[in-house]
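Construct the entire structure; sequences and hints are all you get.
Same order as they appear, the protein sequences are chains A and B.
Heads up, the first sequence is in the numbering used here, so the first residue is 17 and it goes up one at a time.
Heads up, the second sequence is in the numbering used here, so the first residue is 1113 and it goes up one at a time.
These are calculated hints, taken from the structure and not from any lab test.
Hints are supplied without guarantee of correctness; some may be wrong.
[Said to hold, decoys possible] Cross-link-like lysine to any residue pairs, in silico, SDA-like; alpha carbons within 25 Å at most:
id : chain 1 : residue 1 : chain 2 : residue 2
1  : A       : K57       : B       : Q1191
2  : A       : K57       : B       : F1161
3  : A       : K57       : A       : I76
4  : B       : K1215     : A       : M107
5  : A       : K57       : A       : V203
6  : A       : K57       : A       : Q21
7  : B       : K1286     : A       : I53
8  : A       : K57       : B       : S1182
9  : A       : K57       : A       : T70
10 : A       : K57       : B       : K1215
11 : A       : K57       : A       : G28
12 : B       : K1286     : A       : G28
13 : B       : K1286     : B       : V1254
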Amino acid sequence: MSNLQPTAASRGLACCHLCLKLVSQATHRCPRCGSTIHSRKANSLERTLALLMTATILYIPANLLPIMITDQLGQSIESTIVGGVILLLDMGSIAIALVIFAASVIIPLTKLALLYYLCWSVRRGPPETVRQRTAIYRVIEFIGKWSMIDVFVVAILVALINLSNLLVIRPGPAALAFAGVVILSMVAAESFDPRLMWDRQETIDE
Amino acid sequence: MVSRNKRREVSFSTDQRGLTVATEREANGANPQRSSPDGLACRSCDLIFDVSMLRDGESANCTRCGGFLSRYTANQFEQVAAVSLAALVLLGLGCSYPFILLKFNGLESAMTLPQVSLSLISHGMPVLSFCVAGFIIVIPAVVLLLLLAMTGAIVTDRHYRWLPWVGRVIFTLKSWSMVEVFFLGVLVSLVKVSRMATVEMGVAFWAYAAFSVLFVLAMSGLDRAQSWRRIEWLGQ
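Dropping the structure here:
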């Protein structure tokens, strides 16, 4: 990999995280937009790991507690995230079941696992994969909010299905826990700084 | 965004063409509209690039990590202003008419968009209600309003003291709108409910559908680097 082009850090410059202005690293406040200047995101690894762990712990109640409660003719049926997917499969809605399963189980779990891997890889990852790891980070950033779909489905069904005593749908505590997982992992992805991986790459190259 | 003319990708990739940024710039000629020579650092790997030579419809990606750098569209701000205004009107319609109508055993009920969030409060979940309202109504509305203010100022070549503040709020909130995710959620719920009751899409459903398309268009048409260059230029 050629080092013909300089990085901002090697020139003593820092890029404003908000407006992308290049300023001297000694600057505290961006002269263009007024944001605080950091050459690299502040305490990136510690923050990302702390948020990731919180999200991982919250993922447990999000799956064990009911996300939706159906009151039909005096009978209450509680369903969890995975229970809802199984119910959809039984009803024959395979496509919808796949969408919900992907958004609520596959995406959040892979996202958490990949972010842990990226944090680990900053210090110990194989240098030849740094480009792929940056690509992984971009995918994580893009895909994060799509997990929210199950929470929205619950909110819509709760608002829509409210037919006096005949049929009422209530939100379960897992809806809040799962929204927490999605929001925390989005903040975790935002606090991770992919440039740390390239910084290590450069010290190896030299 | 909407420009279909010469959507050429200039990605200065060393392995593809072996061209450096400097030769590319000589070949194309610098864009007269944007004279500021300052560089742009890749947000993923920190490499510095000069993107001032981008011409209408061209975008640049980092040569080392492939990350997106910037995209120049000559009438970007006029387009974003127009799309934001239309999206804002549609969001207003989407909030004020019935979204989905339900018929079940002779019983009827209608749902509006604000109810998606409000009914969570009545079930004792104010925090979740607050988040849902933010992601699908409040954040998109605030972003669009501020976007109108920002693009309005840029298009009319006027500087205001609040312009950098507005830009900061827009680019901070931008990633927290979940308009398109919510719309997929609406489609999933429709399929779920249609198995047990008759559902009808209301006016607001179609308004919100169009709104989400326009909102995504406005967001993808808005280039961070180009916006801030213009804001800075107006302030000088």
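Find the hints from earlier in the document that the structure breaks and name them by number, from lowest to highest.
Numbers 1, 3, 10, 12 - these are the hints that the structure violates, sorted from lowest upward.
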